[in-house]
Amino acid sequence: MKRFLTTQAYLPYVGPISLWIVLFVISPLGVILYFSFLKVGPVGQIVPTFTLENYLTLFKGAYGIILLRSLLFAFGTNMICLLIGYPLAYWIVRYGGKLKITLLFLVIMPSWTCYLIRLYALKTLAGYTGLINSTLLNLGLISSPLEMLYNPTAVIIGLVYSWLPFMVLPIYASLDGLDPSLLEAAVDLGATPLRRFFTVTLPLTKGGIFAGTILVFIPSLGEWLVPLLLGGAKVMMVGNLVEHHFIKLGNIPMGSSIAAALTAIVLLIMYLSIKVGGEEALERII
Amino acid sequence: MKSWNKTGKILPAVATLVYLFMWAPVFILVLFSFSNNKFGIKWEGFTLKWYAELFNNVAVRNALKMSLTVAIITVVVATIAGTLTAYGLYKYKFRGKRALRTTILLPIVMPYVVTGAALLAFFTRIVHVPLGYPSILIAHISFSVPLAVFVVLGRMARIDWTLEEASADLGADRLTTWRKITVPLLLPAIIASAALIFPWSFDDFTITYFVAGVGSTTLPIYVFSQLRYGATPVINTIGTIFVTLPIIGLLLVSLLQKKEVT
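Chains as they are written, first to last, in the numbering used here: chain A, 1 to 286; chain B, 1001 to 1262.
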């Protein structure tokens, strides 16, 4: 064993990846932080003059509303995913029996198919000429097609549809790893099932809950495709602003300030989730 | 006990609704890819003509070729890099190990728009990596390595490392030990991570959309460019490919894990 453990022996294994991360993960984030304090020139060039204007634009007026809406939608999506995902994971672990893994797979599998395609499928289904409207029309329940898209509810449903599997998976892992003797002890000590759930099961699975929160809140907050496809121009989120400035306008400093603010919020959420949820929250992410 | 009976009924109802919600749109998409309806939105009898149309479409074929090329290169590079990284993380203690474990996760935890935008700014304004294959591959490898690292790490915790020591004690050098012992022991995890990374890379839309530049069209980007024309049967057929591919990948992974247990 000794001969493998010479002082620098780890370098060939973790050296390349560390270099890669510094170069292609940390540096790009550093670069947008730097650009976010600069000005844009008339033809999209970056003028190296310090300014806080980008951030001022972001936090007030129309952009401020979009930022607030994004936080609200992400929080709402996270709570809905938790309220649906926890009972589902609980049901699979407790009543799944031999089918446990299959049932879990059926939850995860959609998240491994292209999410653009899934959103397209959802949009087509709920669209003006989609299956839901045509079925309701044929049944005579409505006289003209319903407009189900392009409103906040459609966006939140789309967000839940996209990210729910990522809430179920860590909670499932947490529940499945629960020591049954602890639950038996609670019963032996006279706890009612409801009380047992709230004093034993729930606190012991908080690592899974916060891992799920990291995996749902963060991507929902940065989502741009869901609001683009299901919300239209009326229900934009910060992700759409990032895309608009980077791709459509080529205003990299403004886009960078939005992306940098988003990164700061994300890091704060990660920090809080790990602080409250413990190390397990980090380990259950994958 | 009463509350138990109640939850005993509510839970299956919740579960059924969730499964329906998650699968109905996908199921209908697959179904309508075989429908005669030329808008792909209702059932009008079975046909395979949209698939014939799909394979005769040059733009689709080129996009598919690009997606496959990117996914295959990403799988090979990310799996090898991830395996080596996992080995280093598992076997050695070193300064910054915790920091490395956490920052490795960043590309998959960060919102896709942030990763995409940051790489775009970095590539076009700082290091001048050409947009297209080079930029797409760098992006895909970045968000795929973490998967391989953690899948392989999971396996490492469960294998018998004394074999590696025995090999070294019997005089095998480091490379021989890797070839004859370490890699075969890790093989199920290596194949599993490859099977997971392939759809992960093949499906990616947002990050690719940011760093692809003009004229590089992967299959998801092709689909996105067609969306403005509304629903079409050809998108349904492409969607069917996207749905079946990861299912095959995941089934492969589960088979490997079953084998591992027995």
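Bear in mind the hints are in silico, worked out from the structure with no lab data behind them.
A few of these clues could be false.
Derived lysine-lysine pairs resembling DSS-like cross-links, with alpha carbons at most 30 Å apart [said to hold, decoys possible]:
1) B:Lys1097 / A:Lys206
2) A:Lys60 / A:Lys39
3) B:Lys1093 / A:Lys206
Beyond 12 Å from chain A on every Cβ pair, some chain B residues (computed) [as the list claims (entries may be wrong)]:
4) Met1022
5) Gly1040
6) Asn1056
7) Asn1057
8) Ala1059
9) Lys1097
10) Val1114
11) Leu1119
12) Asp1160
Label pairs and their computed distance ranges (CB to CB) [said to hold, decoys possible]:
13) A:Leu182 / B:Asp1169: 25 to 31 Å
14) B:Ile1248 / A:Gly140: 41 to 47 Å
15) B:Ala1099 / A:Leu33: 30 to 36 Å
16) A:Ile101 / B:Asn1062: 22 to 28 Å
17) A:Lys248 / B:Val1127: 21 to 27 Å
18) B:Gln1257 / A:Gly190: 52 to 58 Å
19) B:Val1183 / A:Gly30: 52 to 58 Å
20) B:Lys1009 / A:Leu182: 40 to 46 Å
21) A:Lys234 / B:Trp1161: 54 to 60 Å
22) A:Leu267 / B:Lys1009: 54 to 60 Å
23) A:Ser144 / B:Trp1043: 19 to 25 Å
Using N, Cα and C, we set each Cβ at its ideal position, and we do this for glycine too.
Status of the hints after comparison with the structure:
1. A hinted pair counts as satisfied when its Cα atoms are at most 30 Å apart, and Lys1097 of chain B with Lys206 of chain A qualifies at roughly 25 Å.
2. This hinted pair checks out: Lys60 of chain A and Lys39 of chain A have alpha carbons roughly 18 Å apart, not beyond 30 Å.
3. For the given pair, Lys1093 of chain B sits about 29 Å from Lys206 of chain A by alpha-carbon distance, which is consistent with the 30 Å threshold.
4. The beta carbon of Met1022 of chain B is not kept farther than 12 Å from every beta carbon of chain A, the shortest such distance being approximately 5 Å.
5. Gly1040 of chain B, annotated as away from the interface, has a beta carbon of chain A within 12 Å; the closest lies near 8 Å.
6. Distance to chain A confirms Asn1056 of chain B as a non-interface residue, since its nearest Cβ pair spans about 21 Å, more than 12 Å.
7. Every CB of chain A lies more than 12 Å from the CB of Asn1057 of chain B, the least distance being 17 Å, so the non-interface label holds.
8. No beta-carbon of chain A is positioned within 12 Å of the beta-carbon of Ala1059 of chain B; the least distance is around 17 Å.
9. Listed as outside the interface, Lys1097 of chain B is inconsistent with that label: its C-beta sits roughly 8 Å from the nearest C-beta of chain A, within the 12 Å cut-off.
10. The claim that Val1114 of chain B lies off the interface is violated: its Cβ sits roughly 5 Å from the closest Cβ of chain A, which falls inside the 12 Å cut-off.
11. For Leu1119 of chain B, the condition that its CB be more than 12 Å from all CB atoms of chain A is violated, with the nearest at approximately 5 Å.
12. With 12 Å as the threshold on Cβ separation, the claim that Asp1160 of chain B sits away from chain A holds: the shortest Cβ distance comes to roughly 14 Å.
13. Hint check: Leu182 of chain A to Asp1169 of chain B, Cβ distance near 43 Å, so the stated range 25 to 31 Å is violated.
14. A C-beta distance of roughly 42 Å is found between Ile1248 of chain B and Gly140 of chain A, which places it inside the suggested range of 41 to 47 Å.
15. Separation of Ala1099 of chain B from Leu33 of chain A is about 19 Å and departs from the stated range, judged on CB atoms against 30 to 36 Å.
16. The hint said 22 to 28 Å for the Cβ distance between Ile101 of chain A and Asn1062 of chain B, and at roughly 38 Å that hint is violated.
17. Restraint check, Lys248 of chain A to Val1127 of chain B: a C-beta distance of roughly 23 Å satisfies the suggested window 21 to 27 Å.
18. Distance hint for Gln1257 of chain B and Gly190 of chain A: a CB-CB separation of about 40 Å, inconsistent with the stated range 52 to 58 Å.
19. Between Val1183 of chain B and Gly30 of chain A the Cβ separation comes to about 36 Å, which falls outside the hinted range of 52 to 58 Å.
20. For Lys1009 of chain B and Leu182 of chain A, the hinted distance range of 40 to 46 Å is not satisfied, since their beta carbons lie about 26 Å from each other.
21. Range check, Lys234 of chain A to Trp1161 of chain B: Cβ separation about 58 Å, and the 54 to 60 Å hint holds.
22. Our hint of 54 to 60 Å for Leu267 of chain A and Lys1009 of chain B is violated, since their Cβ atoms are close to 42 Å apart.
23. Here the CB-CB span from Ser144 of chain A to Trp1043 of chain B is close to 22 Å, well matched to the stated 19 to 25 Å.
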